[in-house]
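**Q** Residue numbers (the working numbering), protein chains in the order written: chain A, 1 to 448; chain B, 1001 to 1090.
Hint data in this document are derived by calculation from the structure and do not stem from the laboratory. Don't take every hint at face value.
To be verified - If you anchor each label on the Cβ, the simulated ranges turn out as follows: (1) B:L1039 x A:P297: 39 to 45 Å; (2) A:E16 x B:Q1002: 34 to 40 Å; (3) A:A301 x B:N1071: 49 to 55 Å; (4) B:M1001 x A:H320: 25 to 31 Å.
To be verified - Selected chain A positions facing chain B (in silico; Cβ < 10 Å): (5) I14; (6) D32; (7) E66; (8) G68; (9) V72; (10) M83; (11) F244; (12) I246; (13) L252; (14) M316; (15) E352; (16) L415.
The structure displayed is predicted, hence computed values, not measured ones. Even for Gly, the Cβ is constructed at its ideal location relative to N, Cα and C.
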Amino acid sequence: MIETNEILQTIHMIQEQHFDIRTVTMGINLLDCRKNTDAETAECVYDKITRLARDLVKVGRDLESELGVPIVNKRLSVTPASMITGSDPMRIAVALDQAAGDVGVNLIGGYSALMHKGSTVAENILLDSMPEVFSKTERLCGSVNVGSTRSGINMDAVRRMGAIIKRTAELTAQQDSFGCAKIVVFANAVEDNPFMAGAFHGVGEPECVVNVGVSGPGVVQRALEAVRGQPFDIVAETIKRTAFKITRVGELVAQEAGKRLGVPFGIVDLSLAPTPARGDSVAYILKEMGLEMAGAPGTTAALAMLNDMVKKGGVMASSHVGGLSGAFIPVSEDIGMIEAAAADCLTIEKLEAMTCVCSVGLDMIAIPGDTSANTIAGIIADEAAIGMVNNKTTAVRVIPAVGKKVGDSINFGGLFGYAPIMKVNTANNDAFIERGGRIPAPLHSLRN
Amino acid sequence: MQKALVSVTGQDKVGIIAKVSTALCEQNINILDISQTILSGCFTMLMVVDLQGTQESFQQIADRLAELGGNIGVMISIQRMDLFAAMHRV
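Can you build the whole structure from these sequences, using the hints too?
**A** Right under this line is the structure:
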């Protein structure tokens, strides 16, 4: 029998501490949709998605009601589009966007290209289409993998992504350059990530799959309030226990959702994903550990421990853990990060250090609109190098907000939040970026 | 057996248990266990119920209980029991 205090603990987690299932994401293989023309491919893509994902939103809502746990997002991820697009990828982008809208999901990921070693003709065309696609579609997100531990860093792709991000910012200038929030540049991208904007359905995945992303920074923060002043051993143990409980619910939802949708359950991504709501912040967990705010000396160590304990607690709670699994540190989507950036306590350089130990990378960072494409490419190269050398996923999602400078802010609303414009080091790197070519894979890529 | 937990929280007053039990009875929902306490001035009742005998959907039951809660001035929610077992038992 479950004890009364255990039941009340669960109820408080949901009602007061923002515990939720952040996303139930259905991954769909589109390789069989590739036809002779882009128009035919687009039609097939639309039909397949609307057929397989027809009940996704309903199943999500039913589970939400029965378990009493909010399932915030129902989403889709598809095969990287560059594997099925030809000369007119916009047609397929529109079909993806429309299919997502018609099945009722808020975002669909997979307008993507895997270019860590080089690019195909289709990938080059898809890359060029990105600024226009992300300014004209509503729900579509995309990503580009520019490096990996096994293959090194494709510096040509890095250079191009700097320019693509700039162009997307310009085309969506009216919405605070929101288009850039839908583009992620990865190193070591994972094939089963359920979180946006970087989700795509990898080629090693089955035909259709359900992946679940849990969350709950508020729950961890509250648990740590009970152990104030105690040594790190106790803090670590407390995080592990909390992560275990959170992940168990993710596992339950994932198993049930898979059964009801008639597709296999893939993985539970046990990430701590913040929202701009007060009490749902990863930065506040760091604060609870004893730092005045995120960015204070000690932040990287605190985040390293948090990230590791989330994994250790969660891994036993689920039969399959995957995705990005760890602590996210997006700036605009976390009230504590926003406050720290606004107070100049958190800089891009400190964030870069934090990305060495968190689950992904530089995420949702607003930078001045006059930042050059090569400066952005330099930021991407640095982040990709961290991922490549440390054998981890890293990413860059920056927003060079047109017309904005340090001291201004941008506001996307909802889960995407708002952010102060952060200062960027503008020392010239043109000669470095313009070299192009490929940075060879590190020695430890040779593991066979 | 399809176990669920009905939780009722709010300001204590006369007749909460009676009204909630009546609503469950009308939907042919059997009560398996009840515990009730006052936590820092807040009325807290937890009922383990069996949904096997009811004809109504989970959502209908939840809506009806939420509506009743609105009428009495307390918060009533219903959740499947496996949630708690998943979270608190290895």
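**Q** Hint by hint, say whether it matches the structure.
**A** Each hint tested on the structure:
1. L1039 (chain B) and P297 (chain A) have their C-beta atoms about 41 Å apart, which keeps the hinted 39 to 45 Å range intact.
2. For the hinted restraint 34 to 40 Å between E16 (chain A) and Q1002 (chain B), the CB-CB distance of approximately 28 Å leaves it violated.
3. One distance hint, 49 to 55 Å for the beta-carbon pair A301 (chain A) and N1071 (chain B), holds here, with the actual separation near 53 Å.
4. A hinted range of 25 to 31 Å holds for the C-beta pair M1001 (chain B) and H320 (chain A), which are about 29 Å apart.
5. Using the Cβ-Cβ criterion of 10 Å, the hint placing I14 (chain A) at the interface with chain B is satisfied: the shortest such distance is roughly 9 Å.
6. Taking 10 Å as the C-beta contact cut-off toward chain B, the hint placing D32 (chain A) at the interface is violated, the least distance being around 36 Å.
7. Residue-level restraint check for E66 (chain A) holds (minimum Cβ-Cβ distance to chain B is 5 Å; threshold 10 Å).
8. The beta carbon of G68 (chain A) is positioned within 10 Å of a beta carbon in chain B (closest approach about 4 Å), and the interface hint is therefore held.
9. Interface hint at V72 (chain A): violated, since its Cβ lies 17 Å from the closest Cβ of chain B, which is beyond the 10 Å cut-off.
10. Annotation: interface hint on M83 (chain A) violated; nearest CB of chain B at approximately 37 Å, more than 10 Å.
11. Checking F244 (chain A) against chain B: minimum C-beta separation of about 8 Å stays under 10 Å; hint holds.
12. Annotation: I246 (chain A) was flagged as interfacial toward chain B, and the flag holds, the nearest CB pair being 8 Å apart, inside 10 Å.
13. Interface hint at L252 (chain A): satisfied, since its Cβ lies 4 Å from the closest Cβ of chain B, which is below the 10 Å cut-off.
14. Given hint, M316 (chain A) at the interface with chain B, holds; its Cβ is 8 Å from that chain's nearest Cβ, closer than 10 Å.
15. Taken as an interface hint, E352 (chain A) does not check out: its beta carbon lies about 36 Å from the nearest beta carbon of chain B, beyond 10 Å.
16. Annotation: L415 (chain A) was flagged as interfacial toward chain B, and the flag is violated, the nearest CB pair being 24 Å apart, outside 10 Å.
When the structure is compared with the earlier hints, violations turn up for hints 2, 6, 9, 10, 15 and 16 and for no others.
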